[in-house]
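**Q** Chain by chain, the residues run as shown.
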Amino acid sequence: MITTSGLTKVYRSRGREVTALDGVDLHVREGEVYGVIGQSGAGKSSLIRCVNLLERPTAGTVTVAGRDLTALAGRGPRAGRELRAARSRIGMVFQHFNLLSSRTVQDNVELPLEILGRSGKERSRKALELLDLVGLADQAKAYPAQLSGGQKQRVGIARALAGDPKVLLSDEATSALDPETTRSILQLLRDLNQQLGLTVLLITHEMDVVKSVCDSAALMEQGRIVESGTVTELLATPGSELAAALFPVSGNISGDDRTVIDVTFHGEAATQPVISQLARTYNIDISILGAAIDTVAGKQIGRMRVELPGRYEDNVVPIGFLREQGLQIDVLGREQEPALVKEGAVE
Amino acid sequence: MTWSEMQPLLEQACWDTLYMVGWSTLIAVVGGLPLGVLLVLTDRGELLQNVVANKVIGQVVNVTRSLPFIILMVALMTFTRWITGTTIGREAAIVPLAIGAIPFFARLVETSVREVDHGLVEAVQAMGGNTWTIVRKVLVPESLPSLISGTTTTIVALIGYSAMAGTVGAGGLGDIAIRYGYQRFETELMWITVAILAVVISLIQFAGDYAARGLHRRSGRSGPAPKLRLLKVREPATADTGKAA
Numbered sequence: 000m001i002t003t004s005g006l007t008k009v010y011r012s013r014g015r016e017v018t019a020l021d022g023v024d025l026h027v028r029e030g031e032v033y034g035v036i037g038q039s040g041a042g043k044s045s046l047i048r049c050v051n052l053l054e055r056p057t058a059g060t061v062t063v064a065g066r067d068l069t070a071l072a073g074r075g076p077r078a079g080r081e082l083r084a085a086r087s088r089i090g091m092v093f094q095h096f097n098l099l100s101s102r103t104v105q106d107n108v109e110l111p112l113e114i115l116g117r118s119g120k121e122r123s124r125k126a127l128e129l130l131d132l133v134g135l136a137d138q139a140k141a142y143p144a145q146l147s148g149g150q151k152q153r154v155g156i157a158r159a160l161a162g163d164p165k166v167l168l169s170d171e172a173t174s175a176l177d178p179e180t181t182r183s184i185l186q187l188l189r190d191l192n193q194q195l196g197l198t199v200l201l202i203t204h205e206m207d208v209v210k211s212v213c214d215s216a217a218l219m220e221q222g223r224i225v226e227s228g229t230v231t232e233l234l235a236t237p238g239s240e241l242a243a244a245l246f247p248v249s250g251n252i253s254g255d256d257r258t259v260i261d262v263t264f265h266g267e268a269a270t271q272p273v274i275s276q277l278a279r280t281y282n283i284d285i286s287i288l289g290a291a292i293d294t295v296a297g298k299q300i301g302r303m304r305v306e307l308p309g310r311y312e313d314n315v316v317p318i319g320f321l322r323e324q325g326l327q328i329d330v331l332g333r334e335q336e337p338a339l340v341k342e343g344a345v346e
Numbered sequence: 000m001t002w003s004e005m006q007p008l009l010e011q012a013c014w015d016t017l018y019m020v021g022w023s024t025l026i027a028v029v030g031g032l033p034l035g036v037l038l039v040l041t042d043r044g045e046l047l048q049n050v051v052a053n054k055v056i057g058q059v060v061n062v063t064r065s066l067p068f069i070i071l072m073v074a075l076m077t078f079t080r081w082i083t084g085t086t087i088g089r090e091a092a093i094v095p096l097a098i099g100a101i102p103f104f105a106r107l108v109e110t111s112v113r114e115v116d117h118g119l120v121e122a123v124q125a126m127g128g129n130t131w132t133i134v135r136k137v138l139v140p141e142s143l144p145s146l147i148s149g150t151t152t153t154i155v156a157l158i159g160y161s162a163m164a165g166t167v168g169a170g171g172l173g174d175i176a177i178r179y180g181y182q183r184f185e186t187e188l189m190w191i192t193v194a195i196l197a198v199v200i201s202l203i204q205f206a207g208d209y210a211a212r213g214l215h216r217r218s219g220r221s222g223p224a225p226k227l228r229l230l231k232v233r234e235p236a237t238a239d240t241g242k243a244a
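Chains Y and G are the protein sequences, given in the same order. Going by numbering that gives the first Met the number 0, the first sequence opens with residue 0, and the numbers climb by one from there. Going by numbering that gives the first Met the number 0, the second sequence opens with residue 0, and the numbers climb by one from there.
Please note that the accuracy of each hint is not assured.
[Said to hold, decoys possible] Here are a few chain G residues that face chain Y, going by a calculated C-beta distance under 8 Å:
(1) R43
(2) L119
(3) N129
(4) G213
Hints were generated in silico from the structure; no laboratory data involved. Backbone N, C-alpha and C fix where the C-beta goes; we use that ideal spot for every residue, glycine too.
All chains, full assembly: derive it from the sequences and hints.
**A** In structure tokens:
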């Protein structure tokens, strides 16, 4: 649905050059929620603004719903008719909501429809329908200043949906909200994604956002995508930074001659009593340093950090046993197998 | 001078002032608003970035503003005659008043429009809006309270300038104060004129502030509601700001 290839953005100011995007290849499938996570300054904002060409990429192409937007852009800083038409089919929500304070909630939602040249009757019907969808039908005549942050973002979402977009871009939509409100907004995005088949590309610096709504995720660092894939794939990738951040377990090694391993349980394996089987079969004492169970991307997943006596060399057999049970094992403090290097990682 | 002598003079002067200031304000707003918006839009990094146009408009505005009004009036005489067919009287005074006020108002518009959050512009761009849509639906409506304050300031400044319009025989309150009060030592008449001017300016300022603050309050961007004890105003149904959680 959204594909960028070799996307590069260089800002020039007073002879200095700052590379915000450095050859970003992103592929968002139709109907999925795709999260791009990174710290501030990683280039997330530039990336999302390049998708609807609010920022002109220095190089590379952006394709949304099969149309190459970079080709529509034309010359000069102003957006031509075709690009504007393409933008009207891409919804966007913002961190600071960006609602017009001089208009009522309903008039804010009608704004994109005014731009599309719809009639007054149609505009108001559509706006009320959308406000109902986001649960704000009773606030249609209120002004944005009278709403709470979460309500404002709901209006922002209703507005973004006014042009019946296939794609929704979310620029840190929950970063200005408290955790409770964040959850309800994310739930709304998830519902819209499922009900309307909306493809959502969101950028965030909060791991919880990725964890609760995203089907796929990418990690950005210094203008590059360092890791990407579906959340399930990422969690199954040993050594994945995203997986570790999505689902952290804690606990420290207690001595030199010990081996600490992280055991990740997916689906079927989560129901097997593997740890006690391991203890009985090999007659070893296992101490559990930390464990957690969570739902990531709608799937239940468990992770446990356990300590086995003896060095890694002494534990090859028990670890092999665990792998045979279909568990994912990460041995702490050891280099990862080369077959599982991170995608696109550069040193 | 008795009151019966003063009354018709003052009445005429009030109308003359109102007439001159009214028309010149109208022209100043019509001319200054687009000019001010252009000053913002042509600036570096803005929607219609055009450094040359920006510099030219900026310089024209600066030069016009730096001319003392009386000099401007004389300098514009040919132009005034071309427009109104005369260089004396009320109509002739409106031309230099309006020309002097356009750049003044344009600078005020520029300041107001610059304060509009860039995020709003971005949001409308993302909806597929063009520059004209952005001006019409974002820049002007969002800066409206501030534009109204700017208009008030312009009206008050024009009342001040209109005192000099007496030099081209346009009359007005300021002209009465100078000719009768100052030049003929009719101190009483001068004080009455000054008092009328003070009242007029206070009323205009009050009305302007009230309108601007009313809009502000509606959109919840500023603190307390304007205090009005003389008139009982019904609270708009939407003004329950306390509800915001």
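**Q** Evaluate each hint against the coordinates.
**A** A quick look at each hint next to the structure:
no. : hint : result
1   : R43  : violated, 11 Å
2   : L119 : holds, 5 Å
3   : N129 : holds, 6 Å
4   : G213 : violated, 12 Å
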